[in-house]
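> Residue-level listing of the chains:
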Amino acid sequence: MSYNAALTDLIIKMADDELIQGHRNSEWTGLGPVMEEDIAFSSMAQDKIGHAWALYRILHENLEGKDPDKFAFHRPEKDFKCSHLVEMPNEEYGFSLMRHFLFDHAEAIRYESLVDSSFEPFRMLSKKVKGELKYHTLHANAWIMQLSQAGEESYQRMQEVLNNTMALAAGIFEASPEYENILVTEKVYPGEAALYQRWLDRIYPILVKASLNLPDIKTITPAYGGRQGIHTPYLQPLLKEMGEVFNLDTEASW
Amino acid sequence: MYGGGYIFDEPNRKQLREEEQHDEPEKLAAFEERIAKGEKIEPGDWMPAEYRRQLIRLIEQHAHSEIIGALPEGTWITRAPGFKRKLALIAKVQDEIGHGQLLYNAAETLGKSREAMINDLLSGKSKYSNVFNYPAETWADVAVIGFLIDAAAIVNQVANAKGSYGPYCRALERICYEESFHLKQGHDVFIELATGTPAQREMLQDALNRWWQPIMHFFGPPDKVSSHSEKLMQWKVKMASNDDMRNQFLDTYVPKIWDLGLTLPDPALRKNEATGRWEYTDPDWDEFFRVINGGGPCNAERLQVRKWAEEHGRWVRKALMRPAERKTFPVA
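Line by line, the protein sequences give chains V and A. Take 1 as the starting number for the first sequence in our numbering and just add one per residue. Take 1 as the starting number for the second sequence in our numbering and just add one per residue.
Just so you know, nobody snuck in bad clues.
Where chain A lies over chain V, by a calculated footprint (3+ residues, C-beta under 8 Å): (1) 19–30; (2) 65–76; (3) 239–250.
No wet-lab data here; the hints were simulated from the structure. Quick reminder that beta carbons are idealized off the backbone N, C-alpha and C, glycines included.
Please model the complete structure; the sequences and the hints are all you need to start from.
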């Protein structure tokens with residue numbers, strides 16, 4: 001498998017995760033439990049979508065990828081490589097918050113690992129993104145801590161949602177052995193298994209502090225498939241909605 | 001955005017008049033003198049009960065308009081075509097929610113809590129700008145709202161920023177600054193569609209046709225029938241008449257629309273060069289009052305969405321109110 005194909009695969013996975021997670025965050029606009037959270041989720045939505053845009057541009061400029069708008073807004077579902085975690089509908093705030101916590105720590109760890117990547121555009125991007133993610137994880141940690149310690153109802157909700165979300169979150173780290181080896185050898189990034197371990201080490205102490213029990217990771221079945229283009233039923237309607245205007249005329253300027 | 005020019009009347013003004021009578025004449029005279037001199041009234045200062053009540057009503061309606069106003073545009077965030085538009089629209093709607101937050105804070109300085117204001121919104125007791133009770137049907141509606149409704153709101157807010165109540169004026173100054181960016185964003189989408197493909201132009205023209213009446217309604221009924229007292233003008237709660245603001249808006253924006261070869265659905269619309277005033281067909285004012293009283297196409301839907309947010313967010317707010325058992329963290 002060629003280096004370029006492997007790199008393209010990794011960039012698409014990262015960018016699609018960011019785009020869909022950003023899209024889900026943006027769906028909270030006007031609906032948050034308090035106005036301040038509305039604003040926070042809108043803000044993070046902009047950052048995530050901005051990261052996706054930057055990654056699609058890297059693809060476009062360095063790896064013969066398509067125009068970012070067309071690539072994001074006009075691509076068949078099977079060609080998306082996002083994880084199942086980000087595809088899930090927002091449902092209650094508790095789920096959205098837990099997803100934000102688990103996803104953003106995973107993202108932070110990924111970008112930290114890219115600071116000394118052999119691929120220069122990753123090094124450049126990670127510098128900028130890391131600074132933003134610091135605030136995203138700070139926000140997630142503060143809310144997880146607050147809601148886990150503010151009485152029985154809220155604690156129960158957080159524990160239950162953690163139990164239900166761990167398998168989905170573990171799916172972020174679905175390996176792509178045919179692509180990954182070359183990227184690890186070329187020191188582009190450390191590979192999914194290494195990132196998964198670092199992520200567990202990062203979230204564990206925070207959850208302990210919040211008195212939440214991390215489900216036994218040996219017993220969970222990670223939600224894999226997204227990286228191979230196999231998706232939940234929630235992705236297709238999201239993509240249809242996202243492309244609704246753009247696809248009226250993909251050649252027009254909007 | 002979005003403070004509508006019109007302050008809706010409360011259904012019952014009886015109680016008001018009684019309280020008015022209890023204001024002490026010497027204090028009232030000193031208060032009015034301060035306002036006449038251009039001084040700002042601050043939260044701890046003495047103020048007539050009627051002034052307080054009118055301001056709460058004004059600022060609260062403005063705040064509600066911001067958060068309800070986020071909804072019609074918000075439905076297009078997930079459908080915005082392309083990265084640039086998607087990011088700009090999220091940022092814009094986020095600003096509007098932020099304006100709501102600023103305005104609720106300003107109203108709270110007068111003694112009504114955010115919770116009480118939201119409750120009055122949900123119960124229908126407290127109103128918001130009528131314009132948000134109409135649906136945003138296509139992407140071109142985002143252009144019309146962002147360009148023309150924000151422009152109309154700016155006319156109103158720039159006037160109100162010169163009012164007498166300090167906290168409201170300061171909030172408005174910041175809001176107007178952000179609104180001017182929104183106007184640019186709306187204008188940019190508007191121009192893109194106006195100079196785009198025939199289908200894009202058609203979409204824009206259709207949106208203009210549908211929004212014209214709500215825009216004409218935006219500043220409220222004509223001065224000859226508007227019930228607002230001279231007192232509100234004297235106290236600098238209301239800073240310009242409905243007709244003056246409407247005229248100012250038409251004067252600036254109608255030529256811009258016509259220049260793009262677009263039309264407006266009123267054959268009588270023209271500027272009388274002799275008087276400097278715009279002439280137009282009176283919009284249907286019965287419709288205006290029907291919509292205020294809940295009869296618009298989207299009143300129920302808008303409140304339904306806010307109710308969903310209130311109900312589903314209750315456990316979170318409850319958790320925030322509860323003193324943390326071990327440790328408190330600053331949230332957000």
